[in-house]
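J.: Keeping the supplied structure of chain A fixed, place chain B upon it in accordance with the hints.
2 protein chains.
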Amino acid sequence: MTVLPIDDPTKRRVLRVSCQREFSYTILHPARPVLDPEELALSEAVAGRPVLLVADKNVWRLFGKQICEYAGRHLNCLATVTVHGTERRKDWTQIRKVCSEALRVGLPRDGVIVAFGGGVTLDLAGMAASLYRRGVAYVRVPTTLVGIIDTAVGIKQGFNFESRKNMLGAFYPPEGVINDINFLRTLSSAELACGVAEIIKMGMVREGSLITLLEDHGATLIRNNFQAPTGLAMEVLLRAERVMIEELQPNLFEKCQARLADFGHTFSPALERASGYGLRHGEAVALDMVLSTAIAVRRGLCAESLFNRLVDLCRKMGLPLESPLLRPELLLCSVHETRLHRSGDLNLVVPVELGRADFLQEVTLDDLDHALAMIEETSYEQPLCRQASAGL
Amino acid sequence: MTVLPIDDPTKRRVLRVSCQREFSYTILHPARPVLDPEELALSEAVAGRPVLLVADKNVWRLFGKQICEYAGRHLNCLATVTVHGTERRKDWTQIRKVCSEALRVGLPRDGVIVAFGGGVTLDLAGMAASLYRRGVAYVRVPTTLVGIIDTAVGIKQGFNFESRKNMLGAFYPPEGVINDINFLRTLSSAELACGVAEIIKMGMVREGSLITLLEDHGATLIRNNFQAPTGLAMEVLLRAERVMIEELQPNLFEKCQARLADFGHTFSPALERASGYGLRHGEAVALDMVLSTAIAVRRGLCAESLFNRLVDLCRKMGLPLESPLLRPELLLCSVHETRLHRSGDLNLVVPVELGRADFLQEVTLDDLDHALAMIEETSYEQPLCRQASAGL
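Those protein sequence lines, which keep their order, are chains A and B. Under my numbering, the letters of the first sequence match residues 14 to 405, in that order. Under my numbering, the letters of the second sequence match residues 14 to 405, in that order.
Keep in mind the hints are simulated off the structure, nothing from the lab. Keep in mind that the hints are not guaranteed to be accurate.
Okay, the calculated beta carbon distance ranges per label pair [claimed, not checked]:
1. A:E175 x B:S176: 23 to 29 Å
2. B:R29 x A:L53: 53 to 59 Å
3. A:L345 x B:C346: 53 to 59 Å
4. B:A386 x A:K268: 53 to 59 Å
For every residue, glycine included, the Cβ atom is placed at its ideal position computed from N, Cα and C.
Just chain A, same shape as in the assembly (with noise of 0.2 Å):
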């Protein structure tokens, strides 16, 4: 801290606090279920410490007796709040049910709010978490694909406000995360196949095998819900959460805005919001890949071969290609609301080859033209799997 002299009246005084903050935290697979009275993974998370547990509507009702049986087993559990785990109601009335909760059975200031459930309700638990009594302790439990390879290995939560997706939010780190592949059992093709977007991202940009291997056994780890083959489905999980890791983790509170982890994060905003969140993340975000990849081509910044396989894989995944949204008027709204979102700068990611990607600064109105024509013109050559025309 440094005081300059106080006694001459021309001089300005200036007083300094500086400080240093540490964190860490684990994402665990556990080796049995979660859930199972045997695995004291949560148990051991959370260690005797007053719990209130956050869990989706559909979660509390697929495992609700499960995650009672446990809770009143291995957990000092105070209370059970249920929220809409869906894009339409991840807003600040949902935060305030849990805030609510909280004060009215006493959560202290080292109680710890456990989370099942979805993205959105990882984020809205996670908010809650950071806003009661200036924050509490945050154990994170995903019960999607998303929610497993993306939103539970990084720090941001966020909320919808005046319909924008995520404009308020916090960077709060959990305390733990604790990673089940059981919960994929009940999810249906559409929502495994959103996730697989989020790994079809990180494989595009930054690393290739992801793709190789989505390519050969993406399919038949949907069919499958990835319970099998197990070793292939935990070796497709955890490459892609260490990869996520590794690009996350440098730059966890996003002081750099040029983001590989945003491929496919520019357009698909706003598409989501114009869907009126009938599209899905996943949906919103292959759209975005391809059109993106669409772009890095007509710049000559990248091979049409690879974004011919990255068509291909998305058509096999069973996320769409098209959508009747990819209006050029609505995707350079959405490259201005992003250059405020990013300090000014677009960072469009685009791939410049397997596992490689650039980030573009303008987008005119000739190259999403061109773009468009060019994935209008795959889908003819083969008839698309799905369309996204939810929520239109």
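T.: For chain B alone, coordinates are given in the frame of chain A:
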């Protein structure tokens, strides 16, 4: 990052995410008034970035024209939002208003929220800054004595939730603080006294010289609105800020919840709440300090002479010593609430000698009865300057 072998089906797989984060900010007393067209402190702090101004409605009424003139000349100001800077309105509605305006005018992620106001306004703007786009830069210009020597120094933001004081909040460091004592010209003696209460706090538990300075010059400083004698006013303020920094800096995120800066802040939140926030924060702090010190005397931890010195000083500063709210049942209730907020510990800060304090973990009804009787006795000795009767 550690990944255990993934081919052993009986083992847990564990990945780890670790991060170290540093930050630092300055508290600057400019040479000229911050709104003087020649003073560049604020202009330099925002460095050309887009600004959203947040101002307390009273501050805007008094200084709006000057703020506009300064902004017109030196800042890239997108808009101004005014808020009610009162404890009763320190709620989500006003934070939402600030975020909504930031979104409406397109404040980008590299934009800056600049707040003019007292503790409440600074907290509301700080919360908005912490949430909007998961955090934008935040510059504080406190306009009250509490703001200058207390709120603006640390990194705590907070707002009231379900009528509970600062139940939700965040630890969010500002990017800069500009402390301009010229704003103090407009404050009432009662408002100044509230700031002095926070100086007394740090004097009692950490820096005895502040008590001596206030005993000798406090009344003059309040009478002169901390404008004269200039050197002395600056001396008191800078010393208070410096002591506060020394106290807060090693524990900015409150990992340790035994905090000397909590002297006067154990019973006071319940007193404020019970008064319907008619009792000023500094007044409640004064009542709490006197009560806590009486408990210390009763326990034989502190000489009665120090209690008398505190009582005399509070009286001299126009701070209340008594209130009909000082009822044992309310106080015991706040002991319970405090324990929740301090992870089970009470950590009641009690002075043991001038500039030195200790923490109590238990307070009995008997302690409270005796302490209250001791305070009542004091009030018979001399007529009180004023009683805390606001809001009753």
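J.: All the hints need checking, so say for each whether the structure fits it.
T.: Evaluation of the provided hints:
no.: 1; hint: A:E175 x B:S176: 23 to 29 Å; in the structure: holds, 26 Å
no.: 2; hint: B:R29 x A:L53: 53 to 59 Å; in the structure: violated, 19 Å
no.: 3; hint: A:L345 x B:C346: 53 to 59 Å; in the structure: holds, 58 Å
no.: 4; hint: B:A386 x A:K268: 53 to 59 Å; in the structure: holds, 57 Å
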